[in-house]
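Q: Construct the complete structure from the given sequences, taking the supplied hints into account.
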Amino acid sequence: MCDTFRVFCITRISQVGTPGQRPGPSGSIPVTISTAFQPNVHVDNLRPDIVLTSSDNVFFYVCLHRLLAASDNGFNSLLPPPSVSDEFTPVIDLPESADVLNVVLHSIHNWDASCFAPSYETLSAAIAALVRYGMQPKRMILPTTSLFSLLLAQAPLQPIDAYALAASYDLEELAVAISPHLLAYQLPSLTDEVSKRIGAVYLKRLFFLHNGRMDALGRLLLHPPQPHPETPECDNEQQRKLMRAWALASAHLVWDARPGEPTTSCAVLTV
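Take the sequence shown: its letters are residues 209 to 479, numbered as in my numbering.
Read the hints as simulated data drawn from the structure, not as lab findings.
Glycine residues also receive a C-beta, built at the ideal position from the N, C-alpha and C atoms.
Just to be clear, a hint being listed does not mean it is correct.
[As the list claims (entries may be wrong)] Simulated restraints on C-beta separations:
no., residue 1, residue 2, range
1, Val249, Leu350, 23 to 31 Å
2, His250, Cys323, 16 to 24 Å
3, Val249, Val402, 17 to 25 Å
4, Val251, Pro289, 18 to 26 Å
A: Shown next, in the form of structure tokens:
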């Protein structure tokens, strides 16, 4: 697990105040700073020139040019012009928690955030924050990005939620990568709320995935093995018995099979 944040006690903050904090008896002020985005981390050989603070008062030191390059709306019109940041270090208060803001900033820099093990809820909130700050998910969440991998890692644990999240932002490649984890999902348990999040197009694809699985099973089983020339061990009569047994067993499997059946529930037939 990564060391996400550290608390420092400092006697003086140059141009950066800590809201709600008062110096202790020794004159020191506790400040929580992100370990990934700290004052000494250089990006593109540049020192951080802006500070973002989370709702739980964690400081993130970042480079303004990276935020401006990633955002289509000036980080929801919160960023100052570059000339202003040359004069002093701006501090921008944001409503996101530190965990969410940490994922957002890692996504902007395309840094690996897997060691932080963010939850599904954190990832969902981070994508919403990306949209709010002018970054399109279809541009930020590609198969080569860390955020794509983080979302895909949620599929074994929360497959329908991960699929709904991908569908709600039209992240087709992510939805396709998640879909194998939905083969055993029970479609009757799908709620109205999740269906709305998924939307008509991706909901249709989910149903077609299950129906296509049934069709594939039928194609595999309903065609008996090809006959072969008689041998001392297997003559024509034995082959006819095998064909009848195959037809009976395959018809039974196809009749009883349901789209949401897990693969492990299929018995292996030995003949």
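Q: Hint by hint, note whether the structure agrees.
A: Here's how the hints hold up against the structure:
1. Val249 - Leu350: 23 to 31 Å: Once the Cβ atoms are compared, 24 Å apart, the range 23 to 31 Å for Leu350 and Val249 holds.
2. His250 - Cys323: 16 to 24 Å: holds (21 Å)
3. Val249 - Val402: 17 to 25 Å: Between Val249 and Val402, where Cβ atoms are some 40 Å apart, the hint is violated.
4. Val251 - Pro289: 18 to 26 Å: Distance hint for Val251, Pro289 holds at roughly 19 Å.
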